[in-house]
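2 protein chains.
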Amino acid sequence: MFEIAETGHVIDKETYDAEEPALRADLLDAQYALRENGRFPVIILIAGVEGAGKGETVNLLNEWLDPRHVHVAAFGPRTDEEAQRPPLWRYWMELPPRGSVGILFGSWYTEPIVNRATRRTRQTELDASIGEILRLEQMLVDEGVLLLKFWFHLSKKDQKERLEALDRDKKRTWRVTRTDWKQFAKYDEYVKASEHTLRFTSTTAAPWILVDAKDRRYRELTVGRTIRDALQRRLAAKQAEEPPTPQGPVVRAFDGRNALESIDLNRTVSDDEYKPVLDDLQERLGRLCSSKRFARVGAALALEGMDAAGKGGAIRRLTRALDVRQYEVIPVAAPTDEERARPYLWRFWRHLPRKGRFTIYDRTWYGRVLVERVEGFCSESDWRRAYDEINAFEEQLVESGVVVVKFWLQISKDEQLRRFQERETTRFKRFKITPEDWRNREKWDAYQAAAADMIERTSTKHAPWTLVPANDKKVARLDVLRTTVKALERALKGQER
Amino acid sequence: MFEIAETGHVIDKETYDAEEPALRADLLDAQYALRENGRFPVIILIAGVEGAGKGETVNLLNEWLDPRHVHVAAFGPRTDEEAQRPPLWRYWMELPPRGSVGILFGSWYTEPIVNRATRRTRQTELDASIGEILRLEQMLVDEGVLLLKFWFHLSKKDQKERLEALDRDKKRTWRVTRTDWKQFAKYDEYVKASEHTLRFTSTTAAPWILVDAKDRRYRELTVGRTIRDALQRRLAAKQAEEPPTPQGPVVRAFDGRNALESIDLNRTVSDDEYKPVLDDLQERLGRLCSSKRFARVGAALALEGMDAAGKGGAIRRLTRALDVRQYEVIPVAAPTDEERARPYLWRFWRHLPRKGRFTIYDRTWYGRVLVERVEGFCSESDWRRAYDEINAFEEQLVESGVVVVKFWLQISKDEQLRRFQERETTRFKRFKITPEDWRNREKWDAYQAAAADMIERTSTKHAPWTLVPANDKKVARLDVLRTTVKALERALKGQER
Chain A
1 MFEIAETGHV
11 IDKETYDAEE
21 PALRADLLDA
31 QYALRENGRF
41 PVIILIAGVE
51 GAGKGETVNL
61 LNEWLDPRHV
71 HVAAFGPRTD
81 EEAQRPPLWR
91 YWMELPPRGS
101 VGILFGSWYT
111 EPIVNRATRR
121 TRQTELDASI
131 GEILRLEQML
141 VDEGVLLLKF
151 WFHLSKKDQK
161 ERLEALDRDK
171 KRTWRVTRTD
181 WKQFAKYDEY
191 VKASEHTLRF
201 TSTTAAPWIL
211 VDAKDRRYRE
221 LTVGRTIRDA
231 LQRRLAAKQA
241 EEPPTPQGPV
251 VRAFDGRNAL
261 ESIDLNRTVS
271 DDEYKPVLDD
281 LQERLGRLCS
291 SKRFARVGAA
301 LALEGMDAAG
311 KGGAIRRLTR
321 ALDVRQYEVI
331 PVAAPTDEER
341 ARPYLWRFWR
351 HLPRKGRFTI
361 YDRTWYGRVL
371 VERVEGFCSE
381 SDWRRAYDEI
391 NAFEEQLVES
401 GVVVVKFWLQ
411 ISKDEQLRRF
421 QERETTRFKR
431 FKITPEDWRN
441 REKWDAYQAA
451 AADMIERTST
461 KHAPWTLVPA
471 NDKKVARLDV
481 LRTTVKALER
491 ALKGQER
Chain B
1 MFEIAETGHV
11 IDKETYDAEE
21 PALRADLLDA
31 QYALRENGRF
41 PVIILIAGVE
51 GAGKGETVNL
61 LNEWLDPRHV
71 HVAAFGPRTD
81 EEAQRPPLWR
91 YWMELPPRGS
101 VGILFGSWYT
111 EPIVNRATRR
121 TRQTELDASI
131 GEILRLEQML
141 VDEGVLLLKF
151 WFHLSKKDQK
161 ERLEALDRDK
171 KRTWRVTRTD
181 WKQFAKYDEY
191 VKASEHTLRF
201 TSTTAAPWIL
211 VDAKDRRYRE
221 LTVGRTIRDA
231 LQRRLAAKQA
241 EEPPTPQGPV
251 VRAFDGRNAL
261 ESIDLNRTVS
271 DDEYKPVLDD
281 LQERLGRLCS
291 SKRFARVGAA
301 LALEGMDAAG
311 KGGAIRRLTR
321 ALDVRQYEVI
331 PVAAPTDEER
341 ARPYLWRFWR
351 HLPRKGRFTI
361 YDRTWYGRVL
371 VERVEGFCSE
381 SDWRRAYDEI
391 NAFEEQLVES
401 GVVVVKFWLQ
411 ISKDEQLRRF
421 QERETTRFKR
431 FKITPEDWRN
441 REKWDAYQAA
451 AADMIERTST
461 KHAPWTLVPA
471 NDKKVARLDV
481 LRTTVKALER
491 ALKGQER
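Sequence lines, in order, name chains A and B.
Residues in the first sequence are numbered from 1 upward in steps of one, following this note's numbering.
Residues in the second sequence are numbered from 1 upward in steps of one, following this note's numbering.
Simulated from the structure, these hints should not be mistaken for lab results.
Keep in mind it's a predicted model, so treat the numbers as computed, not measured.
Even for Gly, the Cβ is constructed at its ideal location relative to N, Cα and C.
Among the clues, some could well be false.
[Claimed, not checked] Straight-line Cα separation of at most 25 Å, BS3-like style, residue types lysine-lysine; simulated pairs:
#1 B:Lys-429 with A:Lys-13
#2 B:Lys-182 with A:Lys-486
#3 B:Lys-170 with A:Lys-493
#4 B:Lys-170 with A:Lys-292
#5 A:Lys-182 with B:Lys-292
#6 B:Lys-355 with A:Lys-275
#7 B:Lys-160 with B:Lys-182
#8 A:Lys-355 with B:Lys-355
#9 B:Lys-292 with B:Lys-355
#10 A:Lys-192 with A:Lys-156
#11 A:Lys-182 with A:Lys-160
#12 B:Lys-182 with B:Lys-192
#13 B:Lys-292 with A:Lys-170
#14 A:Lys-292 with B:Lys-182
#15 A:Lys-275 with B:Lys-13
#16 B:Lys-429 with B:Lys-473
#17 A:Lys-13 with B:Lys-275
#18 A:Lys-170 with B:Lys-493
#19 A:Lys-186 with A:Lys-156
#20 B:Lys-432 with B:Lys-473
#21 B:Lys-275 with A:Lys-170
#22 B:Lys-192 with A:Lys-170
#23 A:Lys-429 with B:Lys-13
[As the list claims (entries may be wrong)] Some chain A residues near chain B, calculated using beta-carbon distances under 8 Å:
#24 Asn-59
#25 Glu-63
#26 Asp-80
#27 Glu-283
#28 Ala-334
#29 Glu-338
#30 Asp-362
#31 Phe-428
Excised from the complex, chain A in its bound form (with noise of 0.2 Å):
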């Protein structure tokens, strides 16, 4: 496919400064409508080879486009607290907002390219990157991202003499590290590696840009005019309408049966029972998360539930048995206005957990698919696609090494009226109650509906969902503590090998 790129485009001086003070106006104009438009942002991806002139074009877009509301974002080798969370946690952190431009110098292409090319990963392994990558950018295609891919092309004799030309340059030797003629030492490898990759990355929504980047002026007029023609197709585009609903309802058990219905609410357990028990629970979590392998794994635990069903006791009999130092409580807040200009995980990634901590969410991502379904903040095709979205969320924090646990905590609606009513009347308890919650149960079978989609559609192998009985809140603490020591054992009996 590179062969393509190797056409030997050459734009002569006098086309070029004819055309460069034009395309320089219609970017910043470009630029300045999407700033005011505010709807959605634009990333541009820098890729190539080396020695084609991304660094230059890099500058150049900075001196073309206002940089002020232009971020740059290059990777280097990952520090330690990147290398303790996924590996595309650095990426998703430097999203630029709505509004604005984001370049990626380097991205997610370029470790399992240099990895393949290396021989360091097989292909498969290259193959799963491909995958992560895919749904990646869907996502943000999904979330209104306008992705510009860009993937800077030199023949091999070329890139040779590129190097060779810099190699000369007094002003510019520094620039050619040993690495560079290490990695030209294995061009073919690195086009297979790319070639592969490219291919099965050119997507509808985010398709590779080829450029023959031997010509300076070709290429630079190739960047610039992509970018703008790109921005003012999108920019001129009717208000982003609903996308057509998705086919159909959510697949139903066609006895209408769910699986909350499967939660025997009557379980209880009594005050003798309970105490000896919690105590045996709370020592073995204290043990584990003191011990070094968790280091070496973390914990996340999500705790989803109807209103009043005893997500605050529960976490409270998780916390005590461990080390103020080590655990963290994520409350979901509203989102501030950082948050509400990125992809709607992003609030979520942010407060990641690293290596070694035990992170309590107490609500989560799921709002995505219960109350923003339910109160319609969200699109219908916005909080179906979600589910995978969450999905291989997930599955990059499980792999990642982190023990992801969740928790669905039910209780009947007459429990949730009696806890509701005692809040009420208790004073230190009536911050728990506020007008919205009952709003909500007036809505109690919306969600209870919304709830049973999202434990069929996200109840995974790697992360599955466990349905608590919390009429009996003693049932339910222990329920919690009980199947998080046990998942903790399992994963830290898996770090033994």
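Given the coordinates of chain A, assemble chain B onto it according to the supplied hints.
Same frame as chain A, but now just chain B:
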């Protein structure tokens, strides 16, 4: 001083049970009033000896307060992200926003005391840390933070008993580590270093609250009551009045001349002279930044100047010499809501570069004493104290190894007019000129006076201002490059030792 926390306070169960529910409800009420008020944050610092119940207290506060609006930050060994920034950086990052409560478990006190008690540092180093802490806390208090510092004390005998008891308790034995016993062996050294530190950091604005930690109930009620009373008092205080304006104007030379007038705006450079010097400086800059020693240093460049003074052009002459992967240009944008809820320096702290990075600030933290002062966006006492706060901040940057270079680009009023008019007529420069620029121009003298004060108050030995005549853009660009290159050469030479 610790004797007063060894008097053996004991509270019996009846007294505790009688008081606890009301205290708890009061605390919640105060917390909700704080959220509604939203004008200041509360920082609760939990420090003291091991085994004194610090962790339990944090858990208790999470139970008494609504934990969804309490953020607990605990600090362990530094990650490499943290190690590459000033020592206080990781605490800055955890400051709670206005309207909420942050609990710091372990804090800026831990390392200085531990290092001194274990003789890793000298007394003078401890005193230097104390100085930094005093400045930080003064700034926090000036920014409106309600800072409550609790020190949990146990006598030597009581600490020994407590550690032994924890060791015996099979549910908690994992909590007592070898480190705790090692620390205990140095009890007297710890007490000495702690007492010294506490004495000098118990200020009127943020006094230490010594807690006799032996009796659990006494400890809990003391902490709870203190927080409640402090919060209630602060909430009841009238809307923070403007603090009395400091006496007298900023000192001025009595001939009315200032630093800016010493700048020779008539300096020019010919095209023939310009090009070879530019090439040479860019080459030197590129070499310096790609040297290995640079990775241990890093650079922060601050550019300020009148509108249209040519900051952008000067920045581009710098970045062209650099590898895209190692520099970052940070433009000052309007603060986000997360930033507005924290001390004004926070939005600069969060973008602080790691070592080995070249960070260029296009306008800076000096906005506080320039635009915010002139336009009245902050109170007079706010910008007056900013000089010292900024000096302290830059000193910490320099001490952590970063080369700080600051430029004021000066142009004449006529030259500004000429450039404004040119911007209005050149299509791709239009974005650079806004009605705000014209409004600012009307306040030319006020901006000049503010700049002169700024330069006098913040041109320090570790981070001096360089005054750049910018009527001739080429002169300005060479001056900025030359000063940067020289500062880096000096710093890297220092690294050779």
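Each hint tested on the structure:
1. For the hint linking B:Lys-429 to A:Lys-13, the alpha-carbon distance of about 23 Å falls within 25 Å, and the restraint holds.
2. With a CA separation close to 34 Å, the supplied pair B:Lys-182 and A:Lys-486 exceeds the 25 Å bound.
3. Proposed proximity of B:Lys-170 and A:Lys-493 is supported: the alpha carbons are some 22 Å apart, at most 25 Å.
4. Restraint check: the Cα-Cα separation between B:Lys-170 and A:Lys-292 comes to about 19 Å, which is no more than 25 Å; the hinted pair holds.
5. Taking the CA atoms of A:Lys-182 and B:Lys-292, the gap is near 20 Å; set against the 25 Å cutoff, the hint holds.
6. A C-alpha spacing of about 52 Å is found between B:Lys-355 and A:Lys-275, which places the hinted pair above 25 Å, so the restraint is violated.
7. Between B:Lys-160 and B:Lys-182 the CA atoms are separated by roughly 12 Å; this keeps the pair inside 25 Å, and the hint holds.
8. Of the pairs offered as hints, the one joining A:Lys-355 and B:Lys-355 holds, with about 24 Å between alpha carbons and a cut-off of 25 Å not exceeded.
9. A threshold of 25 Å between alpha carbons decides the hint, and for B:Lys-292 with B:Lys-355 the separation of about 11 Å falls inside it, so the pair holds.
10. Under the criterion of a C-alpha separation no larger than 25 Å, the hint pairing A:Lys-192 with A:Lys-156 is consistent with the structure, at around 13 Å.
11. A threshold of 25 Å between alpha carbons decides the hint, and for A:Lys-182 with A:Lys-160 the separation of about 12 Å falls inside it, so the pair holds.
12. A distance of roughly 16 Å separates the Cα atoms of B:Lys-182 and B:Lys-192; the hinted pair therefore holds under the 25 Å criterion.
13. Between B:Lys-292 and A:Lys-170, the direct Cα distance comes to roughly 19 Å. Compliance with the 25 Å bound is thereby established for this hinted pair.
14. The hinted pair formed by A:Lys-292 and B:Lys-182 meets the criterion: a straight-line CA distance of about 20 Å does not exceed 25 Å.
15. Distance check on the hinted pair: A:Lys-275 and B:Lys-13 sit about 21 Å apart at the alpha-carbon level, within 25 Å; holds.
16. A threshold of 25 Å between alpha carbons decides the hint, and for B:Lys-429 with B:Lys-473 the separation of about 16 Å falls inside it, so the pair holds.
17. Distance hint between A:Lys-13 and B:Lys-275 is fulfilled; the C-alpha atoms sit about 21 Å from each other, no more than 25 Å.
18. Straight-line distance between C-alpha atoms of A:Lys-170 and B:Lys-493 comes to about 22 Å, which keeps the hinted pair within the 25 Å bound.
19. Taking the CA atoms of A:Lys-186 and A:Lys-156, the gap is about 10 Å. The hint holds against a cut of 25 Å.
20. A threshold of 25 Å between alpha carbons decides the hint, and for B:Lys-432 with B:Lys-473 the separation of about 16 Å falls inside it, so the pair holds.
21. Among the hinted pairs, B:Lys-275 with A:Lys-170 is consistent with the structure: their alpha-carbon atoms are about 15 Å apart, no more than 25 Å.
22. Taking the CA atoms of B:Lys-192 and A:Lys-170, the gap is about 59 Å. The hint is violated against a cut of 25 Å.
23. Using a Cα cut-off of 25 Å, the hinted pair A:Lys-429 and B:Lys-13 holds, with the two alpha carbons roughly 23 Å apart.
24. Contact between A:Asn-59 and chain B, as hinted, is supported at the beta carbon level, the nearest pair being about 6 Å apart and thus within 8 Å.
25. Proximity of A:Glu-63 to chain B holds as hinted, the smallest CB-CB distance being about 6 Å (cut-off 8 Å).
26. For A:Asp-80, the suggested interface contact is upheld, since its CB lies about 5 Å from the closest CB of chain B, less than 8 Å.
27. A distance limit of 8 Å between C-beta atoms decides the matter here; for A:Glu-283 the minimum to chain B is near 5 Å, and the interface restraint holds.
28. Given hint, A:Ala-334 at the interface with chain B, is violated; its Cβ is 10 Å from that chain's nearest Cβ, farther than 8 Å.
29. Annotation: interface hint on A:Glu-338 holds; nearest CB of chain B at approximately 5 Å, less than 8 Å.
30. Given the 8 Å rule on beta carbons, the hint for A:Asp-362 holds: about 7 Å separates it from the nearest Cβ of chain B.
31. With 8 Å as the threshold, the beta carbon of A:Phe-428 comes within range of chain B, its nearest partner Cβ sitting at about 4 Å, so the hint holds.
Checked against the numbered hints above, the structure breaks hints 2, 6, 22 and 28 and satisfies the rest.
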